[in-house]
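S.K.: So the chains spell out like this:
Protein chains: 4
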Amino acid sequence: MHDFREIGARLRNWGRWGDDDERGTVNLITPERLVEAAGLVRRGAIFDLGIPFDGNGPQPGGGRINPVRLMSETGHDQDFPGAFHYADDYVFMPLQSASQWDGLAHVFYDDQLYNGFPSSDVGPHGAKHCSIDKLAKGIAGRGVLLDIARLKGVEWLEQGYVITPDDLDAAAERQGVEVRSGDILLFRTGWRTKFVTDGDAVSFMAGEPGLGLACCEWLHEREVAVVASDNWAIEALPGEIETEMLPVHMVLIRDMGMTLGEILDFDELAADCEDDGVWEFFLTSPPIKFSNAVGSPINPLAIK
Amino acid sequence: MHDFREIGARLRNWGRWGDDDERGTVNLITPERLVEAAGLVRRGAIFDLGIPFDGNGPQPGGGRINPVRLMSETGHDQDFPGAFHYADDYVFMPLQSASQWDGLAHVFYDDQLYNGFPSSDVGPHGAKHCSIDKLAKGIAGRGVLLDIARLKGVEWLEQGYVITPDDLDAAAERQGVEVRSGDILLFRTGWRTKFVTDGDAVSFMAGEPGLGLACCEWLHEREVAVVASDNWAIEALPGEIETEMLPVHMVLIRDMGMTLGEILDFDELAADCEDDGVWEFFLTSPPIKFSNAVGSPINPLAIK
Amino acid sequence: MHDFREIGARLRNWGRWGDDDERGTVNLITPERLVEAAGLVRRGAIFDLGIPFDGNGPQPGGGRINPVRLMSETGHDQDFPGAFHYADDYVFMPLQSASQWDGLAHVFYDDQLYNGFPSSDVGPHGAKHCSIDKLAKGIAGRGVLLDIARLKGVEWLEQGYVITPDDLDAAAERQGVEVRSGDILLFRTGWRTKFVTDGDAVSFMAGEPGLGLACCEWLHEREVAVVASDNWAIEALPGEIETEMLPVHMVLIRDMGMTLGEILDFDELAADCEDDGVWEFFLTSPPIKFSNAVGSPINPLAIK
Amino acid sequence: MHDFREIGARLRNWGRWGDDDERGTVNLITPERLVEAAGLVRRGAIFDLGIPFDGNGPQPGGGRINPVRLMSETGHDQDFPGAFHYADDYVFMPLQSASQWDGLAHVFYDDQLYNGFPSSDVGPHGAKHCSIDKLAKGIAGRGVLLDIARLKGVEWLEQGYVITPDDLDAAAERQGVEVRSGDILLFRTGWRTKFVTDGDAVSFMAGEPGLGLACCEWLHEREVAVVASDNWAIEALPGEIETEMLPVHMVLIRDMGMTLGEILDFDELAADCEDDGVWEFFLTSPPIKFSNAVGSPINPLAIK
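Protein chains in written order, with the working numbering: chain L, 1 to 304; chain D, 1001 to 1304; chain C, 2001 to 2304; chain P, 3001 to 3304.
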């Protein structure tokens, strides 16, 4: 039986980068690691890991909806001097409706956010601390993809499948890649592949394969800076603790201070990595600087 | 007297990358250029060039407004099983209200978009061709900053100041940097500095210093891939042709197929470059993949 | 076989209230009719016919969504001088997502709107003619409810059931009520009752029982001013003409100039009418004055 | 010196209509009053008191913005079977950006709402009690207009002008009208006339003429059900108590349980009343039934 509070207390990074730190494990991407990571750009090949932002996304409605984009100008009824015509659009969307960073103020428990900030810092105007714009300088560093679906020989892992540290190790070994301090770890479950295949938003959001609680320690030991996936919540759902919602979120975000990347598409990248045997790359993914926000839409680039 | 149609016809890149190309001059960033650009990451220093996205932005109202971000969940009235609480936010905004890419479908004249696509491709549901998601693999390459305000020894250039090719050359010479094929050219006018100083959105949008029409040819000759600025429309306003709105937009976007970056903040980057004398860097800035959209919010990262 | 164009041409009201009229059959509610209608207020009982506007509405997603209402202020983190606290909310919604008036610019065919206005009057900024704000003085007059579901002895009519003129006459006869010139006719299909019972938005929008084309003539002969229902499109779906979408809309709105009221809830009112045998009442339902809009959310009041 | 808490305590209606009442003084509109009010419809003339909802409204930006309405369909790029084309629109707006009802959950102090409900009932999902949909059966009854600007012989009262009970009495006497129990009282300051004249949103919202605190007692004694104005906050701004924001709001809404109507346009109605000498009419103005909302856009109809 997992006790997420015990795990959280053990892996907690509060104070590790100062009492006023609001960036968490992103601090593990040191300038040296960043320079090394840029050296992984060898072929000049770019892979975009964001999904399309439109009405056909994976939100079935309810708390979050798919983005609604509308034209404010099409250019066709304008009467400017001369030849000029322009088009413009507006969007209404949850910041976490599609490919996204979860900011460190996204989740809390026992009245505290990451680094001990009081949960009252999050209110009707957003987050006074740990908001997504504190990561404005973005997330750029060495990316490593572990393809768990390929490891298991399936198109996608089943809903509720709990990925273990052994799975992560086995994938790394199969792929011949090592996870190091300051890495941005991407793990592929195939859950996005399933949605692309069946287009079923209700099923996509009803549960998912994902990390088990034991992986928190694995990530902590290896000093992973950021973790991201092609599912929508990183962790297995239904989870390992019947009486707790999203315990991996609570440990990773609130205790460890780890930014999570969700609803990404690794299919093109994974195929390329399988092909050339290179599972490491330079990854950059700045959040849009929404002041006081708890998340941001993203389109991460993996560059090999 | 400038004849923008003549200039446009002369600099037109239609067909240069195929009749169905929708990426324009971004094609100039070849894999080789991209690999070289990554080599500019030497210190591991990141500069975020996006401005804050919030209600205090530079839109005075009218066609565009500042982003409105609202909390859908603050976490404080939830009753999940166990300890979990989460916060979530929504945003409503013009895609081009703050730091942004202008996509190639943003502007047209004489019933045609870039590469000869009919302007009827842009309609109430967005752009069938040349939408911003066609640049999903983003814009990553060698960035060069030319600081025209510093060249002229002013905090910011005056409204309506027309930047000339000589200005661009003089800035490059003063800074000891060369503009090359496939570059992402940033030029600093100080117009963002002015807004940060006086907070006057009406004045910010009433006009601006920016490129003159002659710079289009300069950009074309050097095979610049993308141009971006700290003003809101790249070009001088009021412009050089009394009877034409935004002629530089028309030539750059519609004829040359050049993506424009607007409302960026170069102040921290420029100070650093002035300090270390290095005005080149790796620049990455993926658009968010809004399907059929004509622009995207961005937060470009310059990495030295 | 129905020829909707022939029916439309026969029932067309173009020019009837002047060549520049934008109000259509609402003109049938003369001052005299309005005064008589107010005389129907005898008991001082009000029935609200609007449905709740929230995330649990009947839109399954797609072209329209349910309203998203978010708090911009909850009052709890404010620090005004003294004791004052206030709450505020925003909404994002299709104007026709729940209880609504369809304005006369909502539908067109053969390049013309009601009264011969060109369909090019409707564009990216809305409707230059026949917009909903032209009905600002609202819709107030004698309301009559015909309960077709009760007539047929069912909780709700089946999807695709085509209501005939005979059905309307039989309901009026059963109820002992007469439909007169200038009336606001409400007809109850039970389709809202079905949604309240099963909560199934997909099924609600997949089709519906409603008026057949022959009812257009019936409405025309009786000089009905406005027609409204508890379904979402007034007419039967699937309709009577396989090759035409929503022909009743085309005839009523575009040819006759009739404003339609949709997604209303008549259940409380119908029960009361069945109880006291009085099926006529004063009905008022002003649109919100959205400039150039093609529809408006409403909450009609029936007062007996 | 005014002590708003003392006034509030004295005029408080808590418990008057039951401990669970969420409608407040609207209860004063009894069925008898409603029937009498309908009898005021004598000429069949309608006056719409809502202002236009569009980008040219009175919000200068900041906490509230003017409504943004965008077309999701213009009808021109559709390809349905047959002849059908349709247009549709979306809106994003604060519920209290233009003509509006302030619901009883809009304002609180000392941790309590109207009728003693705890202010914690208002949270990130809206109001659990006293939300605007509790007034779904709307506000319909006898309306009386008191034209204070005409009384004073000015186009509009000056910003900060404090309307007194004597002003209200003098206006009623000049007009030959009596204010009675259950009335919907409209008072005209000319502040809307000023905005229509100068179009200056900043000046419109910077302050206003309006009721003084002493009027609360006047309204209480006469058992006024609802009060509404052509300004944006009913009360004088700056107000009579330097250290308290909006004390009239606090007394009327929170203590007396009175719904307020704001940003209305009485100019056409006032001119008609001045002309025929009849200052009473039937007034109906249902809120849109936004679940849990604290306000609603409206378009009241005055019918004579």
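None of these hints come from the bench; they were simulated from the model. Careful, some of the hints might be misleading.
[Said to hold, decoys possible] In silico SDA-like links for lysine to any residue, alpha-carbon gap of 20 Å or less:
| # | chain 1 | residue 1 | chain 2 | residue 2 |
| --- | --- | --- | --- | --- |
| 1 | L | K152 | L | E178 |
| 2 | L | K134 | L | R222 |
| 3 | L | K128 | C | S2072 |
| 4 | D | K1152 | D | R1174 |
| 5 | P | K3128 | D | D1077 |
| 6 | C | K2128 | P | N3056 |
| 7 | C | K2128 | P | D3077 |
| 8 | L | K134 | D | W1014 |
| 9 | C | K2134 | C | D2121 |
S.K.: Give a verdict on every hint.
M.R.: Results of checking the hints against the structure:
Proximity of L:K152 to L:E178 is assessed by CA-CA distance (about 19 Å); at most 20 Å being required, the pair is judged to hold. With a C-alpha separation of about 24 Å, the suggested pair L:K134 and L:R222 falls outside the 20 Å cut-off, and the hint is violated. Of the supplied pair hints, the one linking L:K128 and C:S2072 holds, its CA atoms being roughly 16 Å apart against a limit of 20 Å. Proposed proximity of D:K1152 and D:R1174 is supported: the alpha carbons are some 11 Å apart, at most 20 Å.
The suggested pairing of P:K3128 with D:D1077 holds, with an alpha-carbon distance near 12 Å, which does not exceed 20 Å. Between C:K2128 and P:N3056 the alpha-carbon distance is near 16 Å, which keeps this suggested pair within the 20 Å criterion. For the suggested pair C:K2128 and P:D3077, the alpha carbons sit about 18 Å apart, so the restraint of at most 20 Å is met. Between the alpha carbons of L:K134 and D:W1014 the distance comes to roughly 42 Å, so the proposed pair goes past 20 Å and is violated.
For the suggested pair C:K2134 and C:D2121, the alpha carbons sit about 14 Å apart, so the restraint of at most 20 Å is met.
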